[in-house]
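Undergrad: Taken in sequence, the protein lines are chains A and B. Everything in the first sequence is counted per the numbering used here, starting at 1 for the first residue and increasing by one. Everything in the second sequence is counted per the numbering used here, starting at 251 for the first residue and increasing by one.
To be clear, the hints were calculated from the coordinates, so they are not data collected in a lab. None of the values given here were measured: they were computed from a predicted structure. Treat the hints loosely; a few may be bogus.
As the list claims (entries may be wrong) - Quick list of the computed label-pair ranges, beta carbon to beta carbon:
#1 A/48 <-> B/298: 49 to 55 Å
#2 A/228 <-> B/341: 44 to 50 Å
#3 A/234 <-> B/282: 36 to 42 Å
Just so you know, even glycine gets a beta-carbon here, dropped at the ideal spot from N, CA and C.
Read off the chains here:
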Amino acid sequence: MDDPRTPALPAAAAPALSGATTPHDAASVLDAALLVLERDLTLALRRRGQLVQPLAFFAIVTTLFPLAISPELARLREVAAGVLWVAALLASLLALEFLFRDDAYDGTLEQYALSGQPLTGLMFAKTAAHWLLTGLPLALMAPLAALSLGAPPGSVPGIVASVAVGTVALSLIGSIGAALTLGIRRSGVLLALLTLPLALPVLIFGARASELAIHGESYLAPLELLAALAVLGITLAPLASAAAVRISLE
Amino acid sequence: MREHCRASLIVRIAILSQLPENFYFMPREGLEVENLHLWRGERHVLRGIGFALPRGGCLHVAGPNGSGKTSLLRTVCGLLYPESGRLLWDGRDVHQDLPAFHSTLIYIGHEAPLKADLSARENLRYWVGMRRRIGRGTLEATLQRVGAAAWSERPARTLSAGQRRRIALAALSLLWVPLWLLDEPTTNLDTEGQQLVGTLIEEHIARGGLVLAATHHELPLRRQVQRLELMHG
Numbered sequence: 001m002d003d004p005r006t007p008a009l010p011a012a013a014a015p016a017l018s019g020a021t022t023p024h025d026a027a028s029v030l031d032a033a034l035l036v037l038e039r040d041l042t043l044a045l046r047r048r049g050q051l052v053q054p055l056a057f058f059a060i061v062t063t064l065f066p067l068a069i070s071p072e073l074a075r076l077r078e079v080a081a082g083v084l085w086v087a088a089l090l091a092s093l094l095a096l097e098f099l100f101r102d103d104a105y106d107g108t109l110e111q112y113a114l115s116g117q118p119l120t121g122l123m124f125a126k127t128a129a130h131w132l133l134t135g136l137p138l139a140l141m142a143p144l145a146a147l148s149l150g151a152p153p154g155s156v157p158g159i160v161a162s163v164a165v166g167t168v169a170l171s172l173i174g175s176i177g178a179a180l181t182l183g184i185r186r187s188g189v190l191l192a193l194l195t196l197p198l199a200l201p202v203l204i205f206g207a208r209a210s211e212l213a214i215h216g217e218s219y220l221a222p223l224e225l226l227a228a229l230a231v232l233g234i235t236l237a238p239l240a241s242a243a244a245v246r247i248s249l250e
Numbered sequence: 251m252r253e254h255c256r257a258s259l260i261v262r263i264a265i266l267s268q269l270p271e272n273f274y275f276m277p278r279e280g281l282e283v284e285n286l287h288l289w290r291g292e293r294h295v296l297r298g299i300g301f302a303l304p305r306g307g308c309l310h311v312a313g314p315n316g317s318g319k320t321s322l323l324r325t326v327c328g329l330l331y332p333e334s335g336r337l338l339w340d341g342r343d344v345h346q347d348l349p350a351f352h353s354t355l356i357y358i359g360h361e362a363p364l365k366a367d368l369s370a371r372e373n374l375r376y377w378v379g380m381r382r383r384i385g386r387g388t389l390e391a392t393l394q395r396v397g398a399a400a401w402s403e404r405p406a407r408t409l410s411a412g413q414r415r416r417i418a419l420a421a422l423s424l425l426w427v428p429l430w431l432l433d434e435p436t437t438n439l440d441t442e443g444q445q446l447v448g449t450l451i452e453e454h455i456a457r458g459g460l461v462l463a464a465t466h467h468e469l470p471l472r473r474q475v476q477r478l479e480l481m482h483g
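Only chain B is shown next, with the shape it has when bound in the complex (with noise of 0.2 Å):
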């Protein structure tokens, strides 16, 4: 009897390490926004914007500047509250519990949160690790992946905007959550690190992961994607 349950037991083990990493964590239908509503102060930025987002797909919003990308994605990740319409992650409200649906998604303001007085290394693991325990070797993998291990080192006050926005990649790729919401993200970057943008907005849906960009420039991406376009408000 306990060799037969040791026995199921390796065999149950053996089937989940041989399930794909994204069993784990990637929702099931996704996210959904209805009817969304935005208003600030006198102005009306957001009129009933409503997509559906499945589990692989990517969003392009595109839209000319002060069109309301920028709050479109700051209300879908909760910072922001619309006036009225619903988003539902897995089909559920995702005000009901914030603090799990901010679980499963990254925000990448047009800014990477870093402070100046501290290594681009030491942003990442404040950053990452506040979310995620991340070892050394996979810090330095994604430092190496993103170019930016040879100034790891350097104080971000000394970093140009472009090297600022790798590390923002750098955290992105070490993450692991489902949806990624990114603002502007290939600004400042130089023609590698947009085709590496691009690169890593195709492995993460290829994973099953969820991918809002707001931009007005193009994705850099190989095939075509989903695209909402802001008019002006």
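Chain A on its own, in the form it takes in the complex (with noise of 0.2 Å):
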């Protein structure tokens, strides 16, 4: 296991340690939060099990919606967008409870709030690194999922659209969730609890999104009401989850 290029010498003869913190190498917020993007990305690369849990729960979730349904396509376009939306709310959940969890208790969250960066920065890295492992992947699956419910594939930008910018909105209000049951254990059930009801809003507006692309309707203002949803959250989110963290190290 020896690298080559650095050949091992003892503990008194290596050199004094060189450098200090002054301002002009302090990394900046940017910097931070980069880092903690990309922590989460690689982590979440070499441990791909629970990567696929929520993408595995929403595929089986709308092929089961058929078999219980009828096969009928325009029966099930009736449904097909409140299926998708629904599978869509609970698999972004079902991932939440991972978002701060293993942070917590390897101590990764406490040097974060000890960094000396700002925690709301940080927590939104955080948030958007699930959004990109979870959101994203369902809004590329969601077509797939709409075509075999029966919507036409004119209707797939609509939904793309609608599921990626909603999925937004849901991880940040998941953050807050998922920061303030932190202290919790099995705390599945009190972040559903927590989360659906403040996750409602995205559910309807969505999933009317998601409709009126099947009908081949213009689906613009329910989207830009989805839109603003996920600029409030990019808002006020972050901030919230920084402070539940900082209450949970307590």
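Got two chains here, separate frames each, mind docking them using the hints?
TA: Below, the structure is given as structure tokens:
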């Protein structure tokens, strides 16, 4: 395992450590946030099981409906938007539990809080990583599920857009719940109870946008409302989850 | 005139580069803790703790298990809020600007905050990189110094408790912050590792740094340091 470029020296002969934390080599908030993002993505790729779980859940739920209701595409088309969105909401809830849990156990969150960097920015980076790992794949999978539920191919852009924007809001809302339930063992049910009421507007507007897209009508109005919710989330949710994380560390 | 300006600038740079490196970042006065009281639920954990830790000072917090050593460290670093008492850093109350105070300290709990699926080197890069840009050379030199060069590519999950400790020591020396808060720094380390802790602490206080170490063992230092004995809460 010895690296030939770095021959082992006795500890005493090692040179004095160089450099001091002067303002020029202090990491900026952006550096820190990007590192948090990179770290979470790297970790998720090393542990793919956790990554696949919500996606598999989404795929299973949406394929079970045709079996339970009827294989008639005309009837399925009526419920497609609702099925898609309920499945997407539950799938993103499923992934939420892992958002901060591991970091809380191994002391990473503590180091984040003590880093001198604004915790809000780091929480935002963590939530962004969470969306990239669950929301975005869900948005990319949604058209497949929609097509199998009888949605016309023309509805694909609308469905992708609504799920992509909606899951941004869901990740952010969920991050508050996940941070609030950090100190609690088996927090899954409580997390769902906390998050679902807040997520209802996203469900309503998201399902509406998808439905309009499936019927070939303009889905811009609900999509814009979804985007407004996402922006509201981006502004407020990291603040709230940072505060909740601080409390959990006490 | 212009020549003169340039000359004086060069002189100034020359002076600056000759200053000791601690000129930039070590505190003037240090840390002062006054009459700290902390309650955890029904338990009165810290009962009027007070001490002053000047520049280049080291305080050994001793006491049996459950006497509040960890609580004291966590209160000093601002994770726990004391019910009463004051924490002054260079004469200013730290609770007025916690982020600024946090950027002057590193706290290492009894478990090093490492990700099991990342290698030792990656763990260090993410941990330290959040606060300070570090070059590859510095990282390599530090890994070697703490004796981690041979296993720095292994995932942290495969490392022993002592090896994980050594990674924490590497973070300690890479961050270059003035205030070190160490919880049981020598636990799980072999004799050589314990000596390394002692050397790091001695170097740090020699350059004006401050160390607050909580342990019920003796600190592996060659000279006597201040000692704060905590009683059962």
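Undergrad: For each hint, tell me whether it holds in the structure or not.
TA: Now for the hints, and whether the structure bears them out:
no., hint, result
1, A/48 <-> B/298: 49 to 55 Å, "53 Å, holds"
2, A/228 <-> B/341: 44 to 50 Å, "47 Å, holds"
3, A/234 <-> B/282: 36 to 42 Å, "41 Å, holds"
This entry satisfies every hint, going by the numbered hints stated previously.
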